[in-house]
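Chains as they are written, first to last, in UniProt numbering: chain A, 1 to 371; chain B, 1 to 371.
No lab work stands behind these hints: they were computed from the structure.
Some hints could be false.
One copy or two, either will do: identical chains are not told apart, so a pair holds if it fits within one copy or between any two.
Unchecked claim - In silico BS3-like cross-links for lysine-lysine, where the CA-CA straight-line distance does not exceed 25 Å:
1. K78 - K213
2. K213 - K73
3. K309 - K153
4. K262 - K64
5. K262 - K138
6. K153 - K138
7. K213 - K262
8. K33 - K309
9. K168 - K153
10. K175 - K309
11. K144 - K78
12. K309 - K335
13. K80 - K168
14. K153 - K335
15. K175 - K335
16. K78 - K284
17. K327 - K259
18. K335 - K213
19. K168 - K64
20. K309 - K80
21. K64 - K78
2 protein chains.
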Amino acid sequence: MKHYKLLLFLTLGFLSQVCIGQNQQATNEAEFKPSPVNQPGSEYPMVNEKGQVRTQISAPEATKVQLDIGGVKYDMAKNKEGVWTGESAPQDEGFHYYQLNIDGASVPDPGSLFFFGANRWGSGIEVPAHDQEFFALKNVPHGKVEQILFSSKSTDTTRRAFVYTPPKYDLEPQKRYPVLYLQHGYGENETSWPNQGRANLIIDNLLAEGETKPFIIVMTYGMTNEIEFGGLRDFDIQPFQTVLVDELIPYIDAHYRTKADKENRAMAGLSMGAFETKLVTLNKPEVFSHYALFSGGIYEPEELQDRTKPELIFISTGSKERPDAVKSAVSELQKEGFNAVSYVSEETAHEFHTWRRSLYQLAPLLFRAQK
Amino acid sequence: MKHYKLLLFLTLGFLSQVCIGQNQQATNEAEFKPSPVNQPGSEYPMVNEKGQVRTQISAPEATKVQLDIGGVKYDMAKNKEGVWTGESAPQDEGFHYYQLNIDGASVPDPGSLFFFGANRWGSGIEVPAHDQEFFALKNVPHGKVEQILFSSKSTDTTRRAFVYTPPKYDLEPQKRYPVLYLQHGYGENETSWPNQGRANLIIDNLLAEGETKPFIIVMTYGMTNEIEFGGLRDFDIQPFQTVLVDELIPYIDAHYRTKADKENRAMAGLSMGAFETKLVTLNKPEVFSHYALFSGGIYEPEELQDRTKPELIFISTGSKERPDAVKSAVSELQKEGFNAVSYVSEETAHEFHTWRRSLYQLAPLLFRAQK
């Protein structure tokens with residue numbers, strides 16, 4: 001178990017928000033609890049309802065230890081036993097990558113579980129979110145997350161993907177399913193959506209509430225990390241597009257009970273994965289009918305000329321990113337007759353909580369025309 | 001991709017062994033290469049054909065940095081730029097857990113991938129093995145490794161297991177398969193066999209060579225880590241036996257196309273997982289017909305009275321463990337008419353290379369009586 005503990009921070013979260021306005025003193029003493037994504041049995045790192053992160057590590061001979069989170073390094077303090085403790089300023093709700101710095105060495109915090117982001121496996125922490133029930137591990141029927149290894153001639157490699165199949169997939173062996181191809185961002189990989197993204201739990205929960213149709217999700221590495229960050233102009237979509245469209249999709253259609261047509265195929269991505277989604281869906285109008293961009297670009301109506309209108313265009317962003325640009329773009333698409341939907345994740349930035357919420361909002365809109 | 005690179009150390013490994021005897025000087029300069037289980041793009045840690053491990057980390061302000069592997073701490077040395085480098089003595093072939101120590105802080109090496117062992121996710125390294133082709137990622141048909149989440153009433157939790165299905169499982173939807181339940185050791189968990197154990201790749205390779213019948217493998221957490229290491233006398237098998245036999249096996253038989261009878265069910269485990277295997281197979285003769293213990297105990301003939309003889313008893317160990325005890329026990333079993341097989345992994349100890357090889361030896365012996 002990756003220790004997806006069933007936390008009930010929901011009520012405490014609301015109380016804490018009330019307190020912040022009324023009594024800053026009381027809130028400063030907000031109780032710290034172990035992060036739900038700690039290593040088994042590890043008390044630290046901790047988080048409180050204000051979103052502060054507290055880390056602790058034994059380093060008796062060290063002269064300087066820092067907590068590095070959200071682009072800020074916080075000095076930690078040593079006690080008589082050589083144990084260092086430190087706290088961050090409040091962080092946004094949801095998941096964050098972080099690390100420790102011990103006498104100049106940047107290392108993972110051995111107390112946390114590890115997640116792939118920033119081009120490496122490193123520490124992650126879960127700051128209590130008022131809406132965290134939607135991605136919690138609950139006692140509902142669970143789908144599977146399957147690791148497949150598929151042969152790619154174009155790259156001369158064996159490549160990995162994760163495939164989510166919904167809870168009843170094995171119990172209804174005649175039924176066929178639509179497919180969502182879901183991409184991570186720069187510095188991440190195919191593990192990011194099933195691990196910190198909790199894609200499987202989000203869909204399990206929606207299905208348990210009858211809020212979405214069942215579908216398969218396929219998550220593979222988008223080959224985004226071979227360029228320098230920000231070098232989008234130099235990014236060539238062709239190698240990944242070939243792997244995705246000419247190799248992975250045929251493999252999935254051969255090995256899973258898919259509805260193998262455009263109407264039953266969606267593509268979505270976050271950040272650089274959204275950039276990829278836009279390029280691939282524009283290049284391959286015959287392959288996908290549902291397009292979704294999370295925190296990464298928009299579609300202009302003129303980019304979508306000369307094709308049947310897609311079934312759905314979904315564009316999302318965090319409220320701390322560029323919500324006005326997204327709303328405006330979707331409004332333009334709607335004026336031109338597109339079925340376009342915008343979503344703004346409140347009080348979040350370019351981080352995974354925005355993208356978990358985006359998937360949660362997107363799923364019920366997918367494949368609605370299908371029986 | 002977990003960067004299972006296709007290494008060809010095989011030839012170099014043999015050459016190196018020849019050199020060791022003839023020219024110690026030359027061998028001391030054995031070339032270091034990045035470990036195949038490094039983080040993407042990470043040059044360090046490195047290994048050479050002698051089995052030495054070389055680590056490197058930037059820690060400009062540190063006063064003491066050590067490499068901690070195989071129960072020994074090796075001092076590393078700092079250069080002018082504040083980068084520390086150090087080397088271990090030669091290690092046995094195969095996989096090893098290790099960590100770094102920076103001014104008294106024990107931390108994972110940020111250069112390596114992370115594996116669950118010693119009760120935590122930490123660094124691992126792959127020392128070139130002369131026989132490593134048997135667990136290499138090759139361009140052969142690959143089965144899937146599926147994460148399932150199943151409800152456990154007896155523990156009031158949702159629990160995780162990984163399920164390996166062979167390459168043709170999805171392509172032959174009428175076929176049913178036998179099942180091996182495969183347990184990790186103390187301090188490890190359900191990820192240990194599919195990650196550092198490479199169980200899926202070992203079976204993929206055997207199947208590609210026609211050396212084994214296809215079967216499903218189920219790997220779940222054996223609840224071994226809640227006791228103090230060595231406290232076997234206090235270990236109560238009942239909670240895990242209930243999860244395994246009364247909850248997980250029915251879930252697997254409901255969700256997978258299994259041959260759901262004793263003749264088609266095997267149990268194997270390593271170290272404390274072998275101890276569990278012995279207890280469960282002795283308690284539940286009606287559930288399993290193939291028993292396998294890797295580096296953890298033996299069966300005495302008198303323990304197997306009052307039951308139909310199992311189809312197979314397989315007992316293995318590393319040559320650096322207790323090979324004579326294993327051979328002697330198997331000889332006793334054979335005298336009593338049991339189909340018992342021993343296997344000794346040459347030049348390995350109580351580590352994962354012994355257990356990878358044990359699985360490789362066991363698989364062809366499983367379910368032979370079945371069509």
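Verification of the hints:
Proximity of K78 to K213 under the C-alpha cut-off of 25 Å is found in neither arrangement, the shortest distances being 53 Å within a copy and 58 Å between copies. When the C-alpha separation of K213 and K73 is checked against a cutoff of 25 Å, the pair qualifies neither within a copy, at 44 Å, nor between copies, at 55 Å. Taking identical chains as interchangeable, the C-alpha atoms of K309 and K153 are never at most 25 Å apart, the minima being 33 Å within one chain and 49 Å between chains. Proximity of K262 and K64 under a CA criterion of 25 Å is satisfied in neither setting, with 57 Å inside one chain copy and 60 Å between copies.
In this homomeric assembly, K262 and K138 never come within 25 Å of each other (Cα to Cα): the closest approach is 33 Å inside a single copy and 33 Å across copies. Taking the shortest alpha-carbon separations for K153 and K138, only the inter-copy value of 13 Å comes in at or below 25 Å, while the best intra-copy value is 40 Å. In this assembly of identical chains, K213 and K262 lie within 25 Å of each other by CA distance solely inside one copy; the values are 17 Å within and 38 Å between copies. In this assembly of identical chains, the alpha carbons of K33 and K309 never lie at most 25 Å apart, being 49 Å within a copy and 53 Å across copies at closest.
Taking CA atoms no more than 25 Å apart as the test, K168 paired with K153 passes between copies only; the shortest distance there is 20 Å, against 33 Å inside one copy. In the homo-oligomer, the alpha carbons of K175 and K309 never lie at most 25 Å apart, since the shortest distance is 28 Å inside one protomer and 42 Å across protomers. Neither within a single protomer nor between protomers do K144 and K78 lie at most 25 Å apart by alpha-carbon distance, with minima of 44 Å and 47 Å respectively. In the homo-oligomer, the alpha carbons of K309 and K335 lie at most 25 Å apart inside one protomer (13 Å), although the nearest pairing across protomers, at 76 Å, exceeds that limit.
Taking the closest pair of Cα atoms, K80 and K168 never come within 25 Å of each other, the shortest separation being 56 Å inside a single copy and 60 Å across copies. In this assembly of identical chains, the alpha carbons of K153 and K335 never lie at most 25 Å apart, being 43 Å within a copy and 53 Å across copies at closest. In this assembly of identical chains, the alpha carbons of K175 and K335 never lie at most 25 Å apart, being 37 Å within a copy and 53 Å across copies at closest. With identical chains, the CA atoms of K78 and K284 are never at most 25 Å apart, being 57 Å at best within one copy and 53 Å at best between copies.
With identical chains, the CA atoms of K327 and K259 are never at most 25 Å apart, being 32 Å at best within one copy and 55 Å at best between copies. With identical chains, the CA atoms of K335 and K213 are never at most 25 Å apart, being 28 Å at best within one copy and 61 Å at best between copies. In this homomeric assembly, K168 and K64 never come within 25 Å of each other (Cα to Cα): the closest approach is 53 Å inside a single copy and 55 Å across copies. In this assembly of identical chains, K309 and K80 lie within 25 Å of each other by CA distance neither inside one copy nor across copies; the values are 67 Å within and 62 Å between.
For the identical chains of this complex, K64 and K78 are neighbours both inside a copy (9 Å) and across copies (18 Å), given an alpha-carbon limit of 25 Å.
The structure is inconsistent with the numbered hints 1, 2, 3, 4, 5, 8, 10, 11, 13, 14, 15, 16, 17, 18, 19, 20, although it conforms to all the rest.
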